[in-house]
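Asker: Protein chains in written order, with this note's numbering: chain U, 1 to 113; chain H, 1 to 114.
Rather than coming from a laboratory, the hints here were simulated on the basis of the structure.
There may be inaccurate statements among the hints.
[Stated by the list, open to error] Each pair of labels, with its calculated beta carbon distance range:
1. H:P107 to U:A49: 19 to 25 Å
2. H:D56 to U:Q14: 25 to 31 Å
3. H:D26 to U:M78: 33 to 39 Å
4. U:S65 to H:P75: 23 to 29 Å
Virtual Cβ for every residue (Gly too), placed ideally from N, Cα, C.
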Amino acid sequence: QQQVKQSPQSLIVQKGGIPIINCAYENTAFDYFPWYQQFPGKGPALLIAIRPDVSEKKEGRFTISFNKSAKQFSLHIMDSQPGDSATYFCAASSEDSSYKLIFGSGTRLLVRP
Amino acid sequence: NAGVTQTPKFQVLKTGQSMTLQCAQDMNHEYMSWYRQDPGMGLRLIHYSVGAGITDQGEVPNGYNVSRSTTEDFPLRLLSAAPSQTSVYFCASSPMGLTWETQYFGPGTRLLVL
Numbered sequence: 001q002q003q004v005k006q007s008p009q010s011l012i013v014q015k016g017g018i019p020i021i022n023c024a025y026e027n028t029a030f031d032y033f034p035w036y037q038q039f040p041g042k043g044p045a046l047l048i049a050i051r052p053d054v055s056e057k058k059e060g061r062f063t064i065s066f067n068k069s070a071k072q073f074s075l076h077i078m079d080s081q082p083g084d085s086a087t088y089f090c091a092a093s094s095e096d097s098s099y100k101l102i103f104g105s106g107t108r109l110l111v112r113p
Numbered sequence: 001n002a003g004v005t006q007t008p009k010f011q012v013l014k015t016g017q018s019m020t021l022q023c024a025q026d027m028n029h030e031y032m033s034w035y036r037q038d039p040g041m042g043l044r045l046i047h048y049s050v051g052a053g054i055t056d057q058g059e060v061p062n063g064y065n066v067s068r069s070t071t072e073d074f075p076l077r078l079l080s081a082a083p084s085q086t087s088v089y090f091c092a093s094s095p096m097g098l099t100w101e102t103q104y105f106g107p108g109t110r111l112l113v114l
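Given only the sequences and the hints, what does the whole structure look like? Please build it.
Answerer: Printed below as a string of structure tokens:
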């Protein structure tokens, strides 16, 4: 049973476009929702994260939108650049789950020049 | 700080062989974990540890053993390798205390089991 569902599996946009990656979760106890970015041959690295007490968080060109009632959250990349081409993973965890992160299946993003 | 280091980078095993994947961190993090990454399946937690001497199972623990004798090291042992264990393995660490602490990942070990 997949607790965090991520879509799309892959995404291609032109430079300057705004790719959007969506995630949905089932466990209402989740209280931390990070996004990780992974470049080929590297380990994932934290990009941005949100807690459910806010509906939106921005860090530079990256924005998380959070809809608690729909149990959904999404990553928006403004003014995307070829250097943003990577695999993006959403994740979720809860205080009562011993810090375990549950990851989505990943989205491979390609930003064309 | 070197962060999280993993060795080897790449390994080929035959079915039935055993091996240990090494993981070390120099950030004095209490929490360490092992994930495997397979195409289309994201990262799945194998085992984790909240401190020296304490380990617990994740989502996919079968076929793997761990131990945590020091804060710095968290090795993952494959007792009898199977082709289904072909994957990329990542070790991660984070401070304890808050659910939302950042997890820092190592560069990964690519394992091929023939």
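Asker: Output the numbers, in ascending order, of every earlier hint that fails for this structure.
Answerer: Per hint list: 2, 4 violated.
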